[in-house]
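Per the UniProt record's numbering: the sequence shown = residues 1 to 36.
Rather than coming from a laboratory, the hints here were simulated on the basis of the structure.
Please note that a few of the clues may not be correct.
Derived EDC-like pairs (lysine to aspartate or glutamate); straight-line CA-CA distance at most 20 Å [as the list claims (entries may be wrong)]:
1) Lys25 - Glu35
2) Lys18 - Glu4
3) Lys18 - Glu8
Please read all numbers here as calculations on a predicted model, not as lab measurements.
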Amino acid sequence: MTPEAINELRTRLGLTQKELATRLKVDAITVSRWER
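I would like the entire structure built from these sequences, with the hints used as guidance.
Below is the structure:
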């Protein structure tokens, strides 16, 4: 997935980076890096 696709999907689900990170059991900084 592209960074843009990850961000779009997360936004569509109404999740913050921290919320997505919690659901995926990763750090929020990891989600941030995925979206860059």
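Unmet hints by their number, sorted upward, for this structure: Structure breaks no hint.
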